[in-house]
Amino acid sequence: VAEQAKAQHRGWGHALPYQEGSKTCDGGKCHPKGRGRLGQRPGHQAEAKGGEQRAGEIDPDPRLADIPRRPAPDQPQRGKAQRQVQPEDQPPADLAAPGDEHAAVASLAAFLVWECVAPAPMLRLGLFRNRTMAITNLVTFALYFALNGVMFYLPMTAVSAWKVTPLEVTAAFLPISVLIGVLSAPAGRMADRFGAGPLMAAGASLVACAYAGLWLFAPLAAFWSHIVPCFALAGVGLGLAVAPLTAAAMQGAEDGEQGAASGVNNAVARVAGLIAVALLGRMAASAYGSGTPGFGLTGTTAEHLAATGAAFSTVALSASLMAALAAVLALMVGRPVR
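Residue numbers (our numbering): 623 to 960.
Keep in mind that the hints were calculated from the coordinates and are not lab data. The C-beta atom is built at its ideal place from N, Cα and C for all residues, glycine as well. Don't take each hint at face value.
[As the list claims (entries may be wrong)] Simulated pairs of lysine to any residue, SDA-like, Cα-Cα distance not exceeding 20 Å: (1) Lys785 to Phe795; (2) Lys785 to Thr920; (3) Lys785 to Pro841; (4) Lys785 to Ala844; (5) Lys785 to Thr868; (6) Lys785 to Leu745.
[What the hints assert, rightly or not] Here are the in silico distance ranges between beta carbons for each label pair: (7) Gly913 to Ala844: 46 to 56 Å; (8) Gly748 to Glu925: 48 to 58 Å; (9) Ala728 to Glu790: 37 to 47 Å; (10) Val800 to Ser847: 17 to 27 Å; (11) Asp877 to Glu790: 47 to 57 Å; (12) Arg904 to Val781: 13 to 23 Å; (13) Asp877 to Ala844: 46 to 56 Å; (14) Asp877 to Gly911: 50 to 60 Å; (15) Pro851 to Gly885: 32 to 42 Å; (16) Leu747 to Thr923: 50 to 60 Å; (17) Gly748 to Trp846: 43 to 53 Å; (18) Phe795 to Thr922: 36 to 46 Å; (19) Ala932 to Thr787: 18 to 28 Å; (20) Cys738 to Phe816: 32 to 42 Å.
Let the sequences and hints guide you as you build the complete structure.
Rendered as structure tokens:
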């Protein structure tokens, strides 16, 4: 409202679009929501007269919005997740229906091809020609693959087999958030002094050590004495790595594209989490074996406890290796040029 008043005071009229009930109003004209203005750049001004646009008019030939009618890259994973969520008295569903993985890969490939040919791509692939940008996103993928895999399957393991309450699991996760918040500012200052690469490598190395501890201690099912300290160590590592990682992703972009670089980095982290949950779930189910009730389901027998410990150990070891890979890649990130 304030910006609209300023625009009117400056003689721009209704140059800025605004909402009026179920309509979008722009330039004195109102349109139903979702019609007429989707592909246009709001508030685009022209100063020339005559055959060109007058002040307050919208560009008649705007860049179209990049909204291809293709399935999202993660859409095939939604059905897979729905099949995994089921009552405990039912047998575990297959972790992947035929064609799920192929559909996901094909959808992602189609998205990348579209971004190569789109006149106004949402994801400009030229961003990855920058070495720092490319390596930083590889570090992001490896580190968040590890983080999301453990964060997804540890609560399932603790509640179903170790008799830990959901509230206790939530409390065990709290140190990670606190440590990230406390250490982000000092880590950012150290990254400015020494470069983002060493901080990212140190943090990812601590995460790798913490998840290696989970791999070793999972068969013991000692949640508070062994698992929670490993989580605290992972929190220290993430506190050292997260802020320099985000800063490096933005510094690797050209002027004017820092926002896009930050969005790409965030999307890479989300995709890494999706892939981690799908892939590590299959690996955990294989490590659990064909016994009953199944990985992630509640049971009290010694066989179930041992199989669940072995399954989560597989998840933790895979996450540790991915975090170690992130540490190695982080050493390739150079200091920003000043």
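Q: Check each numbered hint against the structure and report the violated ones by number, ascending.
A: 5, 6, 7, 18
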